[in-house]
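For this one, chain A is given, so just place chains B and C on it according to the hints.
Residue numbers (my numbering), protein chains in the order written: chain A, 1 to 366; chain B, 367 to 511; chain C, 512 to 885.
Read the hints as simulated data drawn from the structure, not as lab findings.
Treat each hint with caution, since some may be false.
Simulated pairs of lysine-lysine, BS3-like, Cα-Cα distance not exceeding 30 Å [unchecked claim]:
| # | chain 1 | residue 1 | chain 2 | residue 2 |
| --- | --- | --- | --- | --- |
| 1 | C | K787 | A | K160 |
| 2 | C | K642 | A | K40 |
| 3 | C | K608 | A | K160 |
| 4 | C | K829 | A | K33 |
| 5 | C | K829 | B | K455 |
| 6 | A | K96 | A | K160 |
| 7 | C | K787 | B | K477 |
| 8 | B | K456 | B | K370 |
| 9 | B | K477 | B | K455 |
| 10 | C | K837 | B | K477 |
| 11 | B | K393 | B | K455 |
| 12 | A | K24 | C | K829 |
| 13 | A | K33 | C | K832 |
| 14 | A | K24 | C | K832 |
| 15 | B | K477 | B | K393 |
| 16 | B | K477 | B | K456 |
| 17 | C | K837 | C | K849 |
Part of the chain C face toward chain B, derived, beta carbon under 7 Å [stated by the list, open to error]:
| # | residue |
| --- | --- |
| 18 | S626 |
| 19 | N630 |
| 20 | R753 |
| 21 | E756 |
| 22 | Q765 |
| 23 | A845 |
Far from chain B by the CB rule (all over 10 Å, computed), these chain C residues [unchecked claim]:
| # | residue |
| --- | --- |
| 24 | V568 |
| 25 | N607 |
| 26 | M640 |
| 27 | I645 |
| 28 | E729 |
| 29 | P760 |
| 30 | P833 |
| 31 | E868 |
| 32 | R869 |
| 33 | Q877 |
Since we're looking at a predicted model, the values are computed, not measured.
Every residue gets a Cβ at the ideal spot worked out from N, C-alpha and C, and that includes glycine.
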Amino acid sequence: MGYYARDDFFNNPELLERSGQILKGNVTLDWMKLDVESAKCRPADNRRGLTFDDLNVGSYAWDAIPEKIRHNYSMAPRGAVLPPGLPHLGYDINRKSEVWSNNGPALYEESKARHWIPSREVPWDAVEQVGHSEEFERGLAQLYTDLTAMATVLGDIPSKWVWRINQEFVELKMWQCTQMFDAAQLADVFRKRAIAGGTGLGRDHAPLGELAKTVFDSGTYPCASASTHLLLCGLMQILLRHVGAVSENAADETIARFGMQDVSRSLAYGIGHMKYLLAERPHETTSLSGHLDEAENATVGLLASPIFISTLALLTAGSREGAASGVPQVIALYRRFADEHAARREAAGIPSSESPLEAFVQQLEA
Amino acid sequence: MAIKFPSIDFFRELARRMADNAAEFEKLGFCDTVMGVKVDGDSAHLYALTFDVFDCTDVRELASPDDVELDFTLEAPLALWREMFESIKKTGTPEPAYTLNSLSHVGDRMKVVYDDPEGHDKFYRFMATLQAFVDQTSDFDIEWA
Amino acid sequence: MSYYGTNDFSYNSDFNLRIRDIKKGNLDFGWLDDARETVEVRRRDPRRGLTIEDCEVGPYAIENTPEVIRENRGLAPRGAILDAATVQPDLGPSLNKKSDVWGYRVQRYWEEAMSRQWNVSTDVPWHDMDKHNIPDDLEIAFCQLCTLLSEVEMIATDLPAKWSHHMNSYFQEVKGFIATQAIDEARHAEVFRKRALAGAGLFRASVRGEHALKGILEADSYSEGSVFLHVLGEGFILTLFRSSEFISPTPVEQRMFQLVMQDEARHVSYGLQHLKYLMDNCPEVRPQINGFLDEAERHLTGLFNPDQLESMIVLGGKGTKPDQIKKGIEVVGAFQGKQIEEYFHRAERAGLPERRERSPLLELQQRMIAAAMS
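The shape of chain A in the complex, shown without the other chains (with noise of 0.2 Å):
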């Protein structure tokens, strides 16, 4: 046991005396006049339901959380009354810029809308019978393994870090639950896809393991939110994309077609956070930037690795005999990741003149 309570209430004569009093019948229902502001939220749009953006309203509003969290260490919903006495649960992430942006709410509501059940909703059949070769089946296999680590350290980050946010950011630690749940079955859908191909899982490498540490290690919650959304959660989009469009398969198509749904929303999370962070702590731009210029590297060593790139040029020309015509199409694939990143980058709020992505793909252009 890590916590012994101040107050052993088993043997606290106090509650035990108002307890019996209350079941004799003497009740004070003090909590009853209670001054407290009624909302009475309704649903703007029948359609979206009652929404936490119906909810936004008076001192249980999102929009009245301050910058830094003084008045509130318990798990008490923001806005209820607190009593004096509430216990500290240990969470040293108190401010609002660290954790928060704007469409994270909506974020939430619309990762519940949009949610999917890959043991149902993908095509299994099309996978019992691929129409292509047992090579383009490794490669595919090999990548969905690559897919299933970088979905495993997805799920890994929120978890790494939600429990330790202040409850008065209610909202964002949900949407970080709703992160969780869809890496988790991120994971369980690219896993159950290579095997069920039949030539199993692939190699898990170490270029790899290395960008994960990176990310999972990040020092700092907003070091980890760049690293995480902007770039793993770009780079697993455009895999996906180009799953979707390499492969024939019906179930691959599905799984691409989910699966980028799902990081995108971590991506517009991602921009939001960047921006409302730097709104508020612009002196915060340069130790983000030098975290992302080094999980940039950490993404360079993937991107060039022997198993990586050699099971995209697979992929892309189709067979391992023309694998090396596929090289050209690999590089564009990056230029446009890079491209994309530095967009981000630049969206954020934190672009880079030293890019290690943007350096290496020069370097394979050249």
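Chains B and C alone, transformed into the frame defined by chain A:
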């Protein structure tokens, strides 16, 4: 056409409708349980309903609860079952006091009999499906035994 | 920055050579020739789709995985080929023993959870709220109850999150299942918050309840946290949800509780199966778990706080008049007895029958009854 309660045909009709209303039940998710329904009266009847994925795949009357491994059994006198189905008939869903949970909770007018707590918890794990299943009786013309 | 990769590719001559090779189309396909076991995976039941149990074959099956995972310290999915030629970066998983996290049937709970997701915004008939006229005292009592429930539900997102990233990636089903728990519980906090804000607002938080939550969050191990959260805490909350459905003022609230109790029951089932797995495979931890539960059960009594008790009584009796309070006390007394009894039954099934003798809960209940009778 009137349908008799309790009878095996009654539950088979519910199972048939469940298959017809596939979209509603698929949205509620997998439901995997073998549930007992016991109707106490002059002569007691016990039925086993097998739910598998989105369907009620088997309905049978049991001579003894040991004939099939039941996760849990809902037991109530005929009069209470009748009150419940008549409540459902009024608006398509039961009045608050006549949901499966309310009937089986405080007061235990309907008993939940079980051996294994996990079997017991399946009643709650699939509550929305089971409630929707019995709510399908709203347009039944029931002939009471 | 906490970790710097082993290579800075900006200044690396080997890397420049590799780029030259890539541009020439010199690709290494060694991985393509890896010997690996081919497997045939088919959906056993197309209605379920492809489940994780369908994929439990050969090297991918958990039953073919050793009790202690030593070889994987990164993010390799179970069954992937581990690269012996290079050192796998260590992401520091600290839960590497199957019995630390595993529960019987967890694969099924994972699939069930994915399939039974629902949406607070659209699956509760919010638009019907204005069709019902709830007396003020019942509305306030319901919102006081919602305040407590919104408060306690987020612990069940924070506790799984605290431990999930420490779990070895080979235990994907458990990581997945507790991710579903995180979203389920977020949804529960959401539904109670939304209901309160659709009505009379949020009322008073619970000091004693929060101490119980802190006890859960600060458990020393995942198994301790799980037994406190899943078996004890959520078991009690499941019965509370059942009672709350019973005393709900309108069908809108009843729908809420029907939906939340499904999720809660699934979490209780996992907790029960984890505890059972732990007792079956690691019986030496029994004294530790019992010692922990001795304190956890004391913590839990914090949830019986006066505000919650009174609001349930008002809802159970449907008002604040003396005869209504009397009826409400009967309702609440009955469900509290049920909470305790169901907990002992679960503990017994999981392999801890001694809780019934050892637990302080029955004595507490008797003391409260005695205080009420005096």
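Each hint tested on the structure:
1. C:K787 x A:K160: It holds: about 27 Å lies between the C-alpha atoms, which stays within 30 Å.
2. C:K642 x A:K40: 14 Å, holds
3. C:K608 x A:K160: Since the Cα atoms of C:K608 and A:K160 sit roughly 20 Å apart, the hinted pair holds (cutoff 30 Å).
4. C:K829 x A:K33: It holds: about 18 Å lies between the C-alpha atoms, which stays within 30 Å.
5. C:K829 x B:K455: 25 Å, holds
6. A:K96 x A:K160: 18 Å, holds
7. C:K787 x B:K477: 27 Å, holds
8. B:K456 x B:K370: 19 Å, holds
9. B:K477 x B:K455: Holds: B:K477 and B:K455 sit about 22 Å apart, inside 30 Å.
10. C:K837 x B:K477: 24 Å, holds
11. B:K393 x B:K455: 23 Å, holds
12. A:K24 x C:K829: 17 Å, holds
13. A:K33 x C:K832: 16 Å, holds
14. A:K24 x C:K832: 14 Å, holds
15. B:K477 x B:K393: 28 Å, holds
16. B:K477 x B:K456: 24 Å, holds
17. C:K837 x C:K849: Holds - the C-alpha atoms of C:K849 and C:K837 are around 19 Å apart, at most 30 Å.
18. S626: 4 Å, holds
19. N630: Since chain B brings no Cβ nearer than about 10 Å to C:N630, farther than 7 Å, the hint is violated.
20. R753: The hint holds - C:R753 has a Cβ within 7 Å of chain B, the shortest such distance being about 5 Å.
21. E756: Holds, because the Cβ-Cβ distance from C:E756 to chain B comes to roughly 5 Å (cut-off 7 Å).
22. Q765: Status holds, d = 6 Å.
23. A845: Interface hint status for C:A845: holds (5 Å vs cutoff 7 Å).
24. V568: 21 Å, holds
25. N607: About 27 Å separates C:N607 from the closest Cβ of chain B, which puts it past 10 Å; holds.
26. M640: 15 Å, holds
27. I645: 12 Å, holds
28. E729: 27 Å, holds
29. P760: It is violated; C:P760 is separated from chain B by about 8 Å at its closest Cβ, not greater than 10 Å.
30. P833: C:P833 clear of chain B: closest Cβ-Cβ about 20 Å, beyond 10 Å.
31. E868: Nearest chain B Cβ is 18 Å from C:E868, so the label holds.
32. R869: The claim holds: C:R869 sits with its nearest Cβ about 19 Å from chain B, beyond 10 Å.
33. Q877: 20 Å, holds
Hints 19 and 29 from the list above are not met by this structure, while the remaining hints are.
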